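Peer 1: Could you put together the complete structure from these sequences and hints?
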Amino acid sequence: MASHSSKTSPVGWSLALTLCFGAAAVTAAGCNEAEPEPGPAPAELVPDAAPLARLTAEQYRNTIRDLLPTVNSGHITFPVELEGRGGFENNAAFNTATPALVEAYQRAARHVASAAMEDIDAMLGCESLEEGCARGWLPGFAELAWRRPLTQAELDTLLANFDSWQGSHGTDVAVELSLSYLLQSAEFLYFPRFGTETVIEGTDAVPLTDYELASRLSYFLWNSMPDAELLDLAREGRLQDRQVLADQAFRMLGDYRAIDMVVSFHRQNWDFDDVGSNPIDLDYYAPVFEAMGLEAEDDKSDYYYLEYSPGARFESDVFVAQHVFHGEGTLEALLTSNKAWVTPDVARLAYQQEVDDSLAPITWGGLVAGEGNDEIGVWTTEYYPIELDPMQRAGLFTMAGFLSAKAGPQQPAPVRRGVTILDRLMCIELVPPGDVPPLEEAEALEPKTNRDKYAIHSQSEACAGCHDSIDGIGFTFENYDSLGRWRDTDNGYPVDATGQLLGTDQDGPVNDAVELMTKMGQSRAVHDCYTKQWFRYAFGRNEAAADVETVLAMQEGFWSSGGDIRLLIVNLAGSYSFRHRRAQGL
Amino acid sequence: MLNRRRFLTALGLASGSLFLPSLARRVRGAPGDPPTRLIVIVSQHGGWMPTWAMNPAGNPADAVWQHDLTAMSQAEFSPSLAPLFPYADRTIAIEGLSMVSGDIDPAGVLRHEIGQIHTLTGNEVEMVAGLPIGKSPSIDQLVANHIARPDRLRSLEVSIGDICPVVNYRDRLQPLLGENRMPVIHERLFGLVNGGAGGSPALVEQGKVMTMVDERYAALSSRLSTEDQQKVEVHRDLLSDLRGQVDGLMAASCEVPELQPVSDYNDEWAATVSMLTAALSCDLLRVATLNLATVPGNQLGIAGDDVHDGYAHQLATSDAAVQVMTDYTAYHSTQVAQLLAALDAIPEGDGTMLDNTLVLWTSELADGIHGFDRMPICLFGGQTWQTGRYIHYPSDVPYEAWVWDGVRRSSSGRPHQKLLSSILRGFGVPDPDTGEQWSAMPITELSGKDGAKIDCTGVLDELWNP
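Order-wise, the sequence lines are chains R and E.
Note that UniProt numbering gives residue 55 to position 55 of the first sequence, counting from 1, and the numbers run on in steps of one.
Note that UniProt numbering gives residue 318 to position 318 of the second sequence, counting from 1, and the numbers run on in steps of one.
I should point out that these hints are in silico values taken from the structure, not numbers from a laboratory.
Remember, it's a predicted structure, so these values are computed and weren't measured experimentally.
Be aware that one or more of the hints could be misleading.
[Stated by the list, open to error] Where chain E lies over chain R, by a calculated footprint (3+ residues, C-beta under 8 Å):
| id | stretch |
| --- | --- |
| 1 | 173 to 181 |
| 2 | 185 to 199 |
[Said to hold, decoys possible] Calculated Cβ distances over 10 Å to all of chain R for the following chain E residues:
| id | residue |
| --- | --- |
| 3 | HIS146 |
| 4 | GLY351 |
| 5 | ASP433 |
| 6 | GLN437 |
| 7 | GLY458 |
[To be verified] Partial pick of chain R residues on the chain E-facing surface, computed with a CB cut under 7 Å:
| id | residue |
| --- | --- |
| 8 | LEU52 |
| 9 | VAL80 |
| 10 | ARG85 |
| 11 | PRO99 |
| 12 | VAL102 |
| 13 | GLY408 |
Each residue gets a CB set at the ideal place from its N, CA and C atoms; glycine is no exception.
Peer 2: What follows is the structure, given as structure tokens:
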């Protein structure tokens with residue numbers, strides 16, 4: 001455990017933790033100690049700027065899964081969208097619709113509605129469509145889809161059109177068109193958060209309504225729609241009660257959907273999607289594959305792209321899920337633990353170990369690029385628990401996924417590895433070079449190793465400024481080749497994996513990546529960066545100047561808790577900013 | 001690698017009543033007519049002028065001059081452009097335009113990113129949440145505003161290979177990211193044509209559904225802050241466009257090409273060309289951008305090497321890099337020639353589709369060492385301008401063009417905004433303020449050496465004056 005695990009209440013803690021989420025009050029069982037209701041909010045409490053958010057592709061699929069369980073939502077695709085630097089798929093700064101997106105929404109709504117008709121009886125839950133069953137079912141479904149009750153006028157419009165379509169085309173078509181309408185509407189695709197009509201005295205804040213809170217909580221903690229319990233509480237007006245909200249947050253963290261959400265955060269934050277994108281040079285690594293009995297080019301290719309890469313991709317997911325929900329649950333564990341869950345293929349190839357198949361595996365899978373003309377495929381397999389060599393491996397960034405993604409076809413890419421660590425773990429945005437000065441010394445140096453080749457950067461004054469930081473980190477990963485395998489030599493020469501950490505509270509020289517990650521796991525700066533990224537994810541936007549106090553309080557709380565990830569999530573959900581929005585501009 | 005005849009066979013265009021363009025002379029339409037379609041091709045890392053430029057007559061570098069491409073032999077074509085020799089008579093190669101505005105842009109981001117925004121918007125970068133974004137529409141969208149049918153798709157943006165950085169902007173802060181999944185593109189282009197899914201009532205009633213949906217957006221919009229309201233209004237605009245498109249596309253008839261399986265970069269190109277030419281021939285859309293990601297090394301015979309870092313960045317100091325990046329541009333020239341062949345193989349009126357389609361090939365940079373000066377630019381097809389020409393512009397703009405750190409040229413090529421304005425004027429896009437012919441991109445003037453003013457307005461007169 002890192003040395004920062006004291007539980008003393010930090011300065012500013014209470015600012016953001018207006019639920020009962022003070023560190024001393026939280027237990028794994030839930031929130032046991034209600035704090036007094038606040039009076040008028042102190043001026044420094046800042047409500048959310050609340051730009052209009054929209055469902056991400058992942059949220060859309062999850063919502064359909066929960067709303068219409070008979071429909072296979074996994075195949076629904078949407079255009080790729082921009083994300084901000086260090087941002088997330090839900091960043092509202094980039095969610096202005098495009099023609100391709102609106103077309104995709106229309107297409108998805110039609111397809112989902114049509115697919116739902118295949119088992120319309122199960123969906124409607126009644127025996128006969130001719131006795132007003134569908135008409136009676138529709139308002140309840142609309143409330144779920146729009147995540148709030150419809151006004152009478154909205155209901156009248158919905159039913160009038162249903163009646164008209166039923167008269168013209170029959171009940172099935174009327175239901176299908178009604179679904180298509182509901183799923184394309186702003187209330188389904190966007191998250192309008194207006195708040196209550198009461199501006200809190202002395203502030204520029206309005207509390208979110210109960211239904212808005214239910215949605216906000218569920219799309220943060222579950223990446224999906226509120227369930228019946230949350231909606232019931234909203235209907236009863238009980239989510240304004242901080243104790244009730246806290247209890248719900250803890251309840252929701254015990255659901256599989258929260259695991260998916262935490263995995264999704266790390267996928268985006270640490271760029272898991274990049275795994276498998278590196279076109280490995282199969283000829284260069286032929287001896288490795290041939291040693292495994294793979295001779296034909298197609299066999300090598302199939303093994304790498306269809307077995308190894310998906311295995312390496314999703315071992316990161318399993319690692320996060322297991323450590324956060326069934327382990328210490330700390331950032332330090334993610335960055336330093338050598339306890340992993342891997343496929344036999346990855347174990348054999350990357351870690352030169354065999355899994356113990358007598359141990360209970362974790363079954364895990366996810367969406368991958370489809371084969372042939374399939375847009376999306378589903379890849380599922382079993383991951384066996386394994387203890388990796390602690391002298392070689394420490395946490396996610398010394399595992400096959402990250403290492404194989406940030407590599408060239410033959411040799412590792414220390415610059416990409418270093419930049420990713422700086423950007424994603426340390427929140428250090430490098431000023432990109434305005435130029436690429438020619439590296440004329442390259443040939444004179446006669447590089448013997450991969451490191452030598454990249455060390456040329458430091459010969460140029462123009463490059464050294466950034467590359468001292470980048471390479472100081474990136475070179476520590478030289479012990480891992482492009483497949484993520486450990487290597488002691490490179491081109492016949494001993495690997496030099498020494499480096500240095502700059503820009504943190506743990507600065508100094510390191511011997512290798514294991515030592516680097518140990519330092520990072522104990523770094524306050526790394527914890528602060530991680531907290532800032534969670535803020536961005538939870539709020540669907542980058543932090544602004546007005547958010548300084550909120551972010552600081554969250555960072556202080558996370559550090560003081562020993563880097564407890566679940567506690568951080570609950571504290572974000574309970575923060576004043578999360579529960580209020582600015583009244584201005586409405 | 002596909003050769004031209006095999007490629008046409010793959011597209012199903014090399015047999016029957018269609019013809020290979022090199023085997024038959026084209027029947028040309030009336031010169032001066034505006035094109036009815038625009039295809040923009042954006043490749044990465046620019047070119048390399050020593051192996052791109054052509055000057056068989058030994059004309060002076062400090063003058064504006066033109067050369068007849070059709071009078072050149074295949075051996076006289078530059079190595080980078082050699083694969084385009086069969087289309088010499090349909091080509092205008094332009095040497096000597098520069099992205100001066102990109103060089104001056106203070107955004108403080110990578111020059112690739114600056115170039116990706118300037119190249120088609122002709123405007124500077126706006127930073128949003130740490131990301132550079134375009135602040136005005138790109139020319140493809142301005143052309144689409146003018147020529148797109150309201151009952152058809154407005155435009156198509158494709159990435160070949162990896163998802164490419166955005167070069168197309170519908171408007172300020174409205175990036176159009178190119179799609180690289182072939183099934184998605186196929187569905188988008190052809191999913192509704194020929195009556196859609198059998199013209200089911202659920203499909204036929206979509207128009208009414210969308211009218212109802214629009215009412216929801218209108219209700220929401222009225223309650224939002226100005227910024228959010230703009231977001232919702234964009235969605236409403238797009239819904240309105242879509243409403244017309246759904247009915248129109250369902251009414252359209254088209255021989256839908258099969259979705260081809262793809263396994264590499266070249267496959268994706270072939271599949272895209274196949275789908276695009278079919279969609280254009282059925283008038284399902286009129287404007288498209290093909291954004292080409294960095295060509296993988298295995299397509300260039302250098303599997304295992306990093307084209308970008310290993311070669312593009314070394315152009316100034318390595319003969320090997322010059323060879324690879326020349327091959328790189330020639331690879332794209334081959335692809336462009338394949339697209340031209342596909343367009344030229346489809347009869348239209350008295351000629352072929354190529355006669356009515358303007359193809360622009362440009363890049364986000366002038367060269368792999370991140371220069372913006374003297375960009376490699378080609379125009380193909382159409383009848384607005386006489387093709388079969390090489391146009392050279394001297395470096396006579398008073399701006400010290402950046403070459404790399406610490407190295408600048410004493411002057412620069414002419415602002416590329418003039419090319420963008422020429423294309424808009426060529427399509428007859430009116431100036432939004434005056435309603436007169438198009439005259440200028442958003443950046444109209446730049447400050448050059450010793451405060452000299454650089455005029456970015458107007459057009460390239462030589463396009464109209466062979």
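Peer 1: Okay, which hints does this one fail, numbers in order?
Peer 2: The structure breaks none of the hints.
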